[in-house]
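Colleague: Each chain is listed here by its residues.
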Amino acid sequence: MMKLFTAAVKELKLLAGDRTGLLVLFVMPAILVVVITLVQENIMRLTGQELTEVLYLDLDRGPVGTSLAEQLSAAGLVIVAAPPERATIASVREAVIGGMYRVGVVVPAGTSDLFEQESLRLFRGLTGQGGDADTTRIALPVFYDPAVMASLRSGLSARIETALTAITIERQLGRLQALMTGKTTDGNQLAELLDQPLFSLTEGTDAAPAQQYNPVQQNVPAWALFGMFFTAIPIGGGLLKERSSGIWLRLMSLPVSPLTLLGGKILAYLVICCCQFLLICLIGAILFPLLGLPAFTVSGGGAGVVVTVLLAGLAACAFGIVLGVICSSYEQASTLGATSVVVAAAVGGVMVPVYAMPPIMQSISIISPLNWGLTALHDILVRGAGLPAVWDDLGLLLAFTVMALGLACRLLPGRH
Amino acid sequence: MSVINRNQAAGDGAINACSLVKRYPGAADPALDHLELQVRAGEFYGLLGPNGAGKSTLIALLSGLLRADSGTIDIMGVDPAQQLPALKPLIGLVPQEIALYDGLTAAENLSFFAAMQGLNGPIRRDRVARCLHFVHLTKHADHRVATFSGGMKRRLNLAAGLLGEPRLLLLDEPTVGIDVQSRALIYEKLLELNAHGTTIFYTTHYLEEARDLCRRLGIIDHGRLIDEGPPESLLQRYRAATLDELMLRLAGSRPRD
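Protein chains in written order, with the working numbering: chain L, 1 to 416; chain D, 1001 to 1257.
If we strip away everything but chain L, and leave its shape as in the complex, we get:
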């Protein structure tokens, strides 16, 4: 046991003096988790999950212009009244096309009068009061920033059309009520009648959801795992240096088992993996709120998180040992290691969630150790799952570790 701990301390001392290694293991995943989370959060805003500003030019100054603005505001959009210098259709278009606003809406002058005329024509035609039901459609110019994603564009169009439909229904219902009862209803009472919900949506879950799923909950565990698997490079590189420099030869001439020496490396880098995970979690918990992001929290399942992190760390270390045994140079180990980890991360759902991948990639993702670890962490952190629910993913990590170490021990020189 003493030799095991001494070997582990030796590894930590070597790493402490390796500035490049420390940068790769700690600074790189820290930067990546901040940058990627900020970018993804911003993308979500751009796709409409957050408030979108609408440049609104009301040339009508009538009921339609006022009602439309109210309806769009109630739907979650931020109405920005066009300033005097943008009081023309062309200037609104220019502002939106130029990227100053995501969308611009213009209510042309005379819209309310034209709406009243055409809606009455339609009402009379459909209720047999004479006249034809053919109407002229009222054109409302709407401009979109060309850089707006199609999904945002569709969402905004739907909200505008819904608002216009609500205005039309309200006016026609008022006419219908007057026709049927001979009375007219106060406009506010009618609006209240139409707004009164008759249905409500209830979300049922078997267990209380642990956390809201957002880019923070996706990225903190993902990039922490990514950083952990990069420990494979210093582990493999260190073993290669020992083999090529005669150190391994010297060690094999001493009364110490190769398993003890490898165990020391694994113990040391398991500590490093835990520190990496803790660092990324602290970034999520403390730094992210300062950047306007939701805080990363672990509201439950602490034991499950610890077990998952330890098994993922073991898998990463075992991979590093294999690299150090099968590669013939430090350059080969670092290239193969880095490439493998990046590919496994991409396939495993670190950069893009697995559910967002095409079906064929979702099928491939199941071979990635990072996917196993990430799935387990998401199940624990977001879905509130307990350890039994993630045994299959943890089992895969353990099996990977055992197979990798078995392979390494089989191929390691001087093992007799």
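Hints may contain errors.
[Claimed, not checked] Which residues of chain D face chain L? A few of them, derived with a C-beta cut under 8 Å, are:
1) Leu1065
2) Pro1085
3) Lys1088
4) Ile1091
5) Leu1093
6) Gln1096
7) Glu1097
8) Ile1098
9) Ala1099
10) Tyr1101
11) Leu1104
12) Glu1108
13) Phe1113
14) Gln1117
15) Ala1160
For the record, the hints were derived by calculation from the structure and aren't laboratory data. Backbone N, C-alpha and C fix where the C-beta goes; we use that ideal spot for every residue, glycine too.
We have chain L; now place chain D onto it with these hints.
Modeller: Below, chain D without anything else, positioned relative to chain L:
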């Protein structure tokens, strides 16, 4: 100050290798071809030979890092192939490479290797201090090996091989690439160890150092021991004025691939 205390009877066999054969996979010729070698306890034995003659392979076999395809080895009554754990405390290996961690200090390197020897606590600290003193590196104990000169690294490399107070010291070209002064210090220390009873098995290309240090020389080529004896008697036997001439006569003048 003596690093090592000896109680081994001089004249007993330290190394007894009989008909050793070792062939590497894919190699046309065996690295060792029925090699016979005996080294007496307390002897300073030098092994000379051109590149690829089998010197490093023999060192690997004697230290238990490789197993012979056939033949027997007896090191102070221990068979490396069958009794490897019993062999390791008896030997010290000084490899041809500088087998040290550049990122650690001299003391940290020795402390680590001493721990792997099974030494702990005050015994480890004492052994490390004595070995550093032996090779005149005490004042550099807390300096990283990466900052050492080639001569200092070679001295520390030697010190690492002495941590276990071995009865048999195996050195594979321990003075390659260092200056005369460092080499002289290493010679002095090796002779001191040998005077106190440590058996030394030494491979080298430097023929004059072999002549100065070794009581007996063995000439190896193509995996076989061609001849052996005290340096002067070898020179007389082959009527060579120098060991260079002797080597060229025995091993040929064509460079080895």
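Colleague: Should the interface hint for Ala1160 (chain D) be scored as holding, given a Cβ-Cβ cut-off of 8 Å against chain L?
Modeller: holds, 7 Å
Colleague: With chain L as the partner, please determine if Pro1085 (chain D) meets the hint condition of a C-beta pair closer than 8 Å.
Modeller: Given a least distance of 6 Å, the restraint on Pro1085 (chain D) holds.
Colleague: Taking the least C-beta to C-beta distance, is Ile1091 (chain D) closer than 8 Å to chain L?
Modeller: Result: holds, 7 Å to nearest chain L Cβ.
Colleague: Is the hint on Glu1097 (chain D) kept, meaning its closest Cβ partner in chain L is under 8 Å away?
Modeller: holds, 3 Å
Colleague: Holds or violated: is the Cβ of Glu1108 (chain D) closer than 8 Å to a Cβ in chain L?
Modeller: holds, 7 Å
Colleague: Would the stated hint for Ile1098 (chain D) survive a check requiring a Cβ distance to chain L of less than 8 Å?
Modeller: holds, 7 Å
Colleague: With chain L as the partner, please determine if Phe1113 (chain D) meets the hint condition of a C-beta pair closer than 8 Å.
Modeller: Since chain L brings a Cβ to about 7 Å from Phe1113 (chain D), closer than 8 Å, the hint holds.
Colleague: Hint Ala1099 (chain D) vs chain L: min CB-CB distance below 8 Å?
Modeller: Where the cut-off is 8 Å and the nearest Cβ of chain L is about 4 Å from Ala1099 (chain D), the hint holds.
Colleague: Let me know if the C-beta of Lys1088 (chain D) comes in closer than 8 Å to any C-beta of chain L, holds or violated.
Modeller: holds, 4 Å
Colleague: Restraint: Leu1093 (chain D) near chain L, CB-CB cut 8 Å. Satisfied or not?
Modeller: Since chain L brings a Cβ to about 4 Å from Leu1093 (chain D), closer than 8 Å, the hint holds.
Colleague: Is the interface hint satisfied for Leu1104 (chain D)? The criterion is a beta-carbon contact with chain L at less than 8 Å.
Modeller: Given a least distance of 6 Å, the restraint on Leu1104 (chain D) holds.
Colleague: Does the interface hint hold: is Gln1117 (chain D) within less than 8 Å of chain L, judged Cβ to Cβ?
Modeller: holds, 6 Å
Violation of the numbered hints given earlier is absent; every hint is satisfied by the structure.
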